[in-house]
Structure formats: structure tokens, C-alpha cells
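Asker: Residue-level listing of the chains:
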Amino acid sequence: MGAMQILFLLAAAAVLGAAILVVTSRNLVHAALWLIVALFGVAVVYVLLNAGFFAIVQVVIYIGAIAILFIFAVMLTRQIGGKDGGSQNHSTWWVAALLSLLLMVGIVWILSTWQGFATELPALANEKELISELGKSLVSTYLLPFELASVLLVAALIGAIYVSWEKSR
Amino acid sequence: MLNDYLPLMILFGLALALAAMVVALGHLFGPRRPTDRKSQPYESGMKPIGPGQRRMSVRFYLIAVLFILFDIEVVFFLPWAVVFRDLKIVGFIEMTVFILVLLVGFIYAWKKGALEWE
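Just so you know, the protein sequences line up as chains A and B, in that order. So the first sequence is numbered by numbering that gives the first Met the number 0: it starts at 0 and just counts up by one. So the second sequence is numbered by numbering that gives the first Met the number 0: it starts at 0 and just counts up by one.
A couple of the hints might just be wrong.
[As the list claims (entries may be wrong)] Derived pair list, reagent style SDA-like, types lysine to any residue, alpha-carbon separation capped at 20 Å: (1) B:LYS110 with A:ASN88; (2) B:LYS46 with B:ARG36; (3) B:LYS110 with A:ILE160.
[Said to hold, decoys possible] Just so you have them, the derived chain A footprint on chain B, three or more residues with Cβ under 8 Å: (4) 1 to 11; (5) 29 to 43; (6) 74 to 82; (7) 107 to 116.
None of these hints come from the bench; they were simulated from the model. Ideal Cβ positions, reconstructed from N, Cα and C, are used throughout, including at glycine.
All chains, please: the whole structure from these sequences, using the hints.
Answerer: So, in C-alpha cells, the structure goes:
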């Protein structure tokens, strides 16, 4: 077992453990903090996939911004948790469990026919080349989606101001 | 390839070790004689007003959303900046269009007063 496999197993175990704690924590702030651990584990998996840029994006956007937004959103709610003592389970939890099981069986079934597990890892390109390729394709091949992304960001900005600002005044 | 990330891993290891050491040393050697005054959230500071788990103002939410949006904008800059010299003027104009669209949103937020706290 190589160093990469050990690192992957450690990161995957950390993601799974943290994800279980996210859904079982009674205190919503604790759940949000465990979510940060899970997201960080995913960033490590990105690194192992030679996707360094996505690892940075994962840390900067998901941990640095979205997790903070989660914590703010939790603090906007009246019941942060830990005190009501009620059941955490929805009454139709078995439907969700059944659907998740079916989904997992489907994923395992599809993956079992995939040949990639038996083959060697192909040689990966240098990451500096990868990021310059990304930069070049952003302003050539994917120019339209790139410019549309800014329109999407402006729409999100105006929407956020509209829902949270207009009524608070 | 993993060797590229070795400095980062050493940094994480050092940061974890330092944090653990600071907490552990305080626990080991620090005297513990708590009084009511010392157990306050801000010792020698302001007296707490109300419970710690109260609802926050919705303004924090807006600030967080604005931060995410401009954060994503910066993420788009990174791959572009790496090849900025190769792209010449065309890449510059394309990025200018990208920023100008976002500037519209920025001016809207500014005019609405969303950047003011009062």
C-alpha cells in the first residue's frame, strides 16, 4: 500500500466520520464545525486526484465562505439546539433510508462493471500546466460560460440584498 | 507529486503541534483558582448582557453572502492571472467585461446601502 493509498483512506475515513457527526450533532453550531472537517477531507481527496486548484477552491470557497455562511444562518434561527430534547428523526425516515440504499446499490452496481480499478494510475500532468490550461480555456473555449458566471454572481448578489435588506428596513 | 505538498503537510503538523502544546502546557502548569469574576466570558471586561446563544442580526447573513460572491470572483482571477502574459490584450478585455458586469452588482449593493452598518 503506497503513501497515496494510506492518505486517501485516512481522508475518506475523516470525511465519513465528520459527515456522520454533522447529522447526529444536537447542537447546530457543532454540526457546522464538523462540516468544515468533512469539507477539508474532501480538499485532501482533491489533492490526491492531482486537482490542486480545486483543493484551493474547496478551502477558500467552501470552508472560508460557505461554512461561515452556514454558521451565520444557524445563528439566525431561534433554536440552535441541544435543549428541546425532541427526536432528531423525521417520521418518514425509512423512505429516505430505502432511497439511499437503492442509490448505493445502483452506484456499487455501476462501479462493479468499471475496469478502472484494475488498471494502473496514468501519469498525471504537471499541475502548473494544468492551471495555465484552465486559465487559457476560460477565456477561449469556455468564454461564454465564464462571462455568464459573472451575470449569475450579480443575480445572486441582487437577490441576496433583496431578500435580506429590503424587509429589514 | 505528493512531495509538492510536503511543505504544506509539515506546516499543518507544526500548527497542530503548537496549538496542542500551548493548551497542554497551560493545563499542566497553570494554577486554577476560579472565582466568580474570573469565570466570566470576558475576564476584567464587559459584563455579559443576556445569553450567549441569541439570534444574530440578518446583516451578518448579507455580509457573508457578499463575501462568498466576491470570493468566487477572486477564484476566477487565479487561473487567468497565471497565463495573463500569454493571453495578451484579448484576455485582458475579456476579464474587464467579467469585472464590469460584477461592478454593476457592486454599485447596486453600494447604492442600496448594503455595505453600511449604521
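Asker: Now look at each hint and say whether the structure bears it out.
Answerer: Hint by hint, here is what the structure shows:
1. Taken as a hint, the LYS110 (chain B) and ASN88 (chain A) pair is broken in the structure, with Cα atoms around 45 Å apart against an allowance of 20 Å.
2. For the hint linking LYS46 (chain B) to ARG36 (chain B), the alpha-carbon distance of about 10 Å falls within 20 Å, and the restraint holds.
3. The hinted pair formed by LYS110 (chain B) and ILE160 (chain A) meets the criterion: a straight-line CA distance of about 11 Å does not exceed 20 Å.
4. With 3 residues having a Cβ less than 8 Å from any Cβ of chain A, the stretch 1 to 11 of chain B passes the three-residue criterion, so the hint holds.
5. Requiring three or more residues with a Cβ within less than 8 Å of a Cβ of chain A, the coverage given for the stretch 29 to 43 of chain B is violated, as only 0 such residues are present.
6. Interface restraint, the stretch 74 to 82 of chain B with chain A: holds (8 residues with C-beta to C-beta distance below 8 Å; minimum three).
7. Coverage of a stretch by a chain is defined here by at least three residues with a beta carbon nearer than 8 Å to that chain's beta carbons; for the stretch 107 to 116 of chain B and chain A the count is 5, and the condition holds.
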